[in-house]
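Asks: Assemble the whole structure, with the sequences as input and the hints as a guide.
Taken in sequence, the protein lines are chains A and B. My numbering numbers the first residue of the first sequence as 162 and each following residue consecutively. My numbering numbers the first residue of the second sequence as 685 and each following residue consecutively.
It is worth saying that the hints were derived from the structure and are not from the lab. Some hints here could point you the wrong way.
[Said to hold, decoys possible] No farther apart than 27 Å at their CA atoms in a straight line, the calculated lysine-lysine pairs in the DSSO-like style are these: (1) 989(B) <-> 329(A); (2) 329(A) <-> 985(B); (3) 329(A) <-> 804(B); (4) 919(B) <-> 989(B); (5) 989(B) <-> 955(B); (6) 792(B) <-> 985(B); (7) 955(B) <-> 329(A); (8) 981(B) <-> 955(B); (9) 800(B) <-> 762(B); (10) 804(B) <-> 762(B); (11) 792(B) <-> 804(B).
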Amino acid sequence: MAFQATIEMEFGARSDNGRVRENNEDSFRVVPELNLFVLSDGMGGQASGEVASRLAAETIVAHCREAEANPSLPIIGERIDGASAMANRLASAVRLANQAVHQAAERNEARTGMGATVVAVQFADERMTIAHVGDSRAYRLRNGELEQLTPDHSFIAEQVRQGLMSAKDASQSKLQNVLLRALGVDPEVEVEINEELLAEGDMLLLCSDGLTHELSDERIAAALCDADEAQEAASRLVELANQAGGGDNITVIVLRHAPKFAGAMAKIGRWFTGS
Amino acid sequence: MDQPDKTTTGFSPGRASNGSHEQLKTVLISELPNSATVVVEPSHLESPNLTTSSLNALSQRYDILGEAGHGNMGNVYKARDRETGETVALKLIKPEIASDLGMMERFKNELLFARKITHKNVCRVYDFNRIGGIAYTSMEYVEGESLRSVLNRFGGLPLRKGIDLALQICSGLKEAHAQGIVHRDLKPENVMIDAQGNLKIMDFGIARSMEAATHLTGAMVGTPAYMAPEQVAGKPIDYRTDIYSLGLMLYEMFTGSQTFHADTPVAVALKQMREEPVAPHEVDPSIPVFIERAILKCLAKDPGKRYQSVAELETALRSPTGTGFPTAALAPIGTPSLPTGRSTDATIAVPATLLPAQPKAKRTSPIAWVLLGGLAVLVMLAAMAAVRKIKSAGSIPSPVPPTQLSEPTPPASAFHAPPTRPANAASADVTNLPAATAPHRAKPSAPANTQPSVPIVFPHVEFGKKASRQNRPGASAPVYLWVGRFQREGGAQSAAKRIEDDGLPVVVMPRRNPQNSQQFFVVFTGPFARTRAQDVIQRLQEQGFFSVREVKPPGQGQKRNQH
Chain A
162 MAFQATIEME
172 FGARSDNGRV
182 RENNEDSFRV
192 VPELNLFVLS
202 DGMGGQASGE
212 VASRLAAETI
222 VAHCREAEAN
232 PSLPIIGERI
242 DGASAMANRL
252 ASAVRLANQA
262 VHQAAERNEA
272 RTGMGATVVA
282 VQFADERMTI
292 AHVGDSRAYR
302 LRNGELEQLT
312 PDHSFIAEQV
322 RQGLMSAKDA
332 SQSKLQNVLL
342 RALGVDPEVE
352 VEINEELLAE
362 GDMLLLCSDG
372 LTHELSDERI
382 AAALCDADEA
392 QEAASRLVEL
402 ANQAGGGDNI
412 TVIVLRHAPK
422 FAGAMAKIGR
432 WFTGS
Chain B
685 MDQPDKTTTG
695 FSPGRASNGS
705 HEQLKTVLIS
715 ELPNSATVVV
725 EPSHLESPNL
735 TTSSLNALSQ
745 RYDILGEAGH
755 GNMGNVYKAR
765 DRETGETVAL
775 KLIKPEIASD
785 LGMMERFKNE
795 LLFARKITHK
805 NVCRVYDFNR
815 IGGIAYTSME
825 YVEGESLRSV
835 LNRFGGLPLR
845 KGIDLALQIC
855 SGLKEAHAQG
865 IVHRDLKPEN
875 VMIDAQGNLK
885 IMDFGIARSM
895 EAATHLTGAM
905 VGTPAYMAPE
915 QVAGKPIDYR
925 TDIYSLGLML
935 YEMFTGSQTF
945 HADTPVAVAL
955 KQMREEPVAP
965 HEVDPSIPVF
975 IERAILKCLA
985 KDPGKRYQSV
995 AELETALRSP
1005 TGTGFPTAAL
1015 APIGTPSLPT
1025 GRSTDATIAV
1035 PATLLPAQPK
1045 AKRTSPIAWV
1055 LLGGLAVLVM
1065 LAAMAAVRKI
1075 KSAGSIPSPV
1085 PPTQLSEPTP
1095 PASAFHAPPT
1105 RPANAASADV
1115 TNLPAATAPH
1125 RAKPSAPANT
1135 QPSVPIVFPH
1145 VEFGKKASRQ
1155 NRPGASAPVY
1165 LWVGRFQREG
1175 GAQSAAKRIE
1185 DDGLPVVVMP
1195 RRNPQNSQQF
1205 FVVFTGPFAR
1215 TRAQDVIQRL
1225 QEQGFFSVRE
1235 VKPPGQGQKR
1245 NQH
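Replies: Written as structure tokens, this is what we have:
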């Protein structure tokens, strides 16, 4: 399958079990016609992590699709003042996903405690909205510099933000996976929204923590810079993370805001849904 | 095989309330969310219900006598082992965990490691076993009450009682550390006290075995209100982690107030790393210097600055002067709930060789670290949003206006309604109890008393400090309510029961009227934060107690006049 995003956005994606896990609890959805990219990392025993992440991703896509067809579709939760309509819609979708996961967990005892992180990005022309809950991240590579756009909702990241812990200590902490927010845990969730403007040549990376636990920012930046195509970058990142241990599921979506002429000629992106 | 990446939920809100129904009954539950263990799904491991099938399986060997009555014990059942005739507590392991052999193996190893501890202050783990598809651990059944519930009902403990319990905890902990076992989740919920005042630390090895078993499903870290900074940071843990947690417990036992307060468990956990505790004497001026010093040393953020062994702490708690002060002076006297073995214990010199070995060598692979999963901070967030936290300060007083008192009966042993005590016991207690308990005895002449410990245990704080104390939230003086006076004990008890049924902490005190030497009974309730007192008075009035009034907590009023 191949898609070309309607704005000049080249993309590639890949999801992999990693080398330790037997199942993949990450899910992602790429919806070029909506310029929507969603990545979710599930948690919970008895395979419910897979259920949670898939449900989250699908709910977000479904809500955005519905809103596309029916712009007056009610917003779930409170409208965020000062945020764009697109941002409000994406936040609404994430809140709905939270409800969906929460209700699914409530209905089925075996699914108790299931939850998911999510990072979703949507474009409209040069504008971009990122919504996230948990520790799945969005990075931007601009002029060779990698910048994390989504502050992790994790216990350790909070300690770093409050100046209680150095980044080095944080990287060695065994509580890396302790989240402060996730979808499905409570009936309501606070969604963090970022709005950014794209510049020509920007690359974006959405990833699950299986990537960032294995690779430093420097290595990620290098892999993004070196690749000619988004798909190549995505595959390369997954390979590198696996070489570094592959302790968790690894999922990446790479987006490149291609120069206009290059965009027209861009090779077709492909993505793999894992092994 | 299921291998969730991480777990954010520990306690589902439902479970939190289940697990603590005993706390919900009492008033000072406000700390509940913070005292919920930040574990990852304890429910991952422990079966929440005894289903019919597991009941059938277990009944091959046990007569199930019911749920172990104490919410804090979680999913524990009281049972009689038909083979040995013993009464035991059974903790069930969730079937889906039990069916994972590798995970069970790790769980079992850690637990059986902890079984090595044989000590009168440690709840014995007997066995790890399977019957049919059910995996369970059996352990000593302790008939009694958790320290949590005692603290909830009475706030702080009288000094003597507090020291007694502290030394018992030290004693059990010392033995565990000598075996190389770190508790990792010490908290009042894990300490049981029986009717004789014997204390047992529970759940040694549980924290670690759960961690071992859940390396793939999430890890347990502890309880925000009782977690050491290194635990909060996810750094390696050793026996000094237990010493810090014990410091937090001692703080609460002696001041009646938790060390750190915040709106969310996460905020509490972060305070463990960042914030210096308010000096205990600012919460309760009657705290002796040596106790304060010991508590604060336990609470050093840097493990290297704490006591380096439980034995050191024990010594500090015993010899106020640090020069081998006779322990007899502080040995509990005449309290019905005293363990008999304790005072002998107290004289044993503690060799430094008991310094525990670190069990760190057993640490597992780096992957396990990475997978060490999420904790339940999240759920607690939810739970806590609902619950406002006001923890009142102060120790157990006998807040009777002096004119009403002829024979003060400090509720030193008031875990259960205190019986009248011999006069000598009362006078001995004077040295340790807040002045309001026995105002006529607590005058500055007290040092002339024959009790050698008097000069040391007396409050060392000038009352000028009080103003700042009152401004501090959580440290403001607690309020006690005088509910009524009854001629017959039966009347007092039935009033107390009505109040208790309403979820308020209550105590009945026998008193003697000096004029006609008639005995009567006074019902008190509290302590409450001042902000709460009016609500409580209204509630009591709705119950028909119209003469309710506030009485001053110890350390104020009369005492100030004496200085």
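Asks: Measure nothing beyond the straight line between the CA atoms of residue 981(B) and residue 955(B); if it is 27 Å or shorter, mark the hint as holding.
Replies: holds, 17 Å
Asks: Given the hinted pair residue 792(B) and residue 804(B), is their Cα-Cα distance within 27 Å?
Replies: Distance ~23 Å between residue 792(B) and residue 804(B) Cα, so the pair holds.
Asks: Assess, step by step, whether the Cα of residue 989(B) is no farther than 27 Å from the Cα of residue 329(A), and give holds or violated.
Replies: holds, 23 Å
Asks: Holds or violated: are the alpha carbons of residue 329(A) and residue 985(B) at most 27 Å from each other?
Replies: holds, 19 Å
Asks: What's the verdict on residue 329(A) and residue 804(B), does the C-alpha distance respect the 27 Å limit or exceed it?
Replies: Outside the cut-off at roughly 43 Å; violated.
Asks: Going straight from one Cα to the other, do residue 989(B) and residue 955(B) come out at no more than 27 Å?
Replies: holds, 18 Å
Asks: Are the Cα positions of residue 792(B) and residue 985(B) separated by 27 Å at most?
Replies: violated, 33 Å
Asks: Quickly compare the C-alpha distance for residue 800(B) and residue 762(B) to 27 Å and report which way the hint goes.
Replies: Distance of about 22 Å is within 27 Å: holds.
Asks: Within 27 Å, alpha carbon to alpha carbon, are residue 804(B) and residue 762(B)?
Replies: holds, 20 Å
Asks: Would the pair residue 955(B) and residue 329(A) pass a check requiring their Cα atoms to be no farther apart than 27 Å?
Replies: holds, 21 Å
Asks: Taking 27 Å as the top limit, are the C-alpha atoms of residue 919(B) and residue 989(B) close enough?
Replies: Given that 27 Å is the threshold and the Cα spacing comes to 17 Å, the pair holds.
In the structure shown, a violation is registered for the earlier hints numbered 3 and 6, in ascending order.
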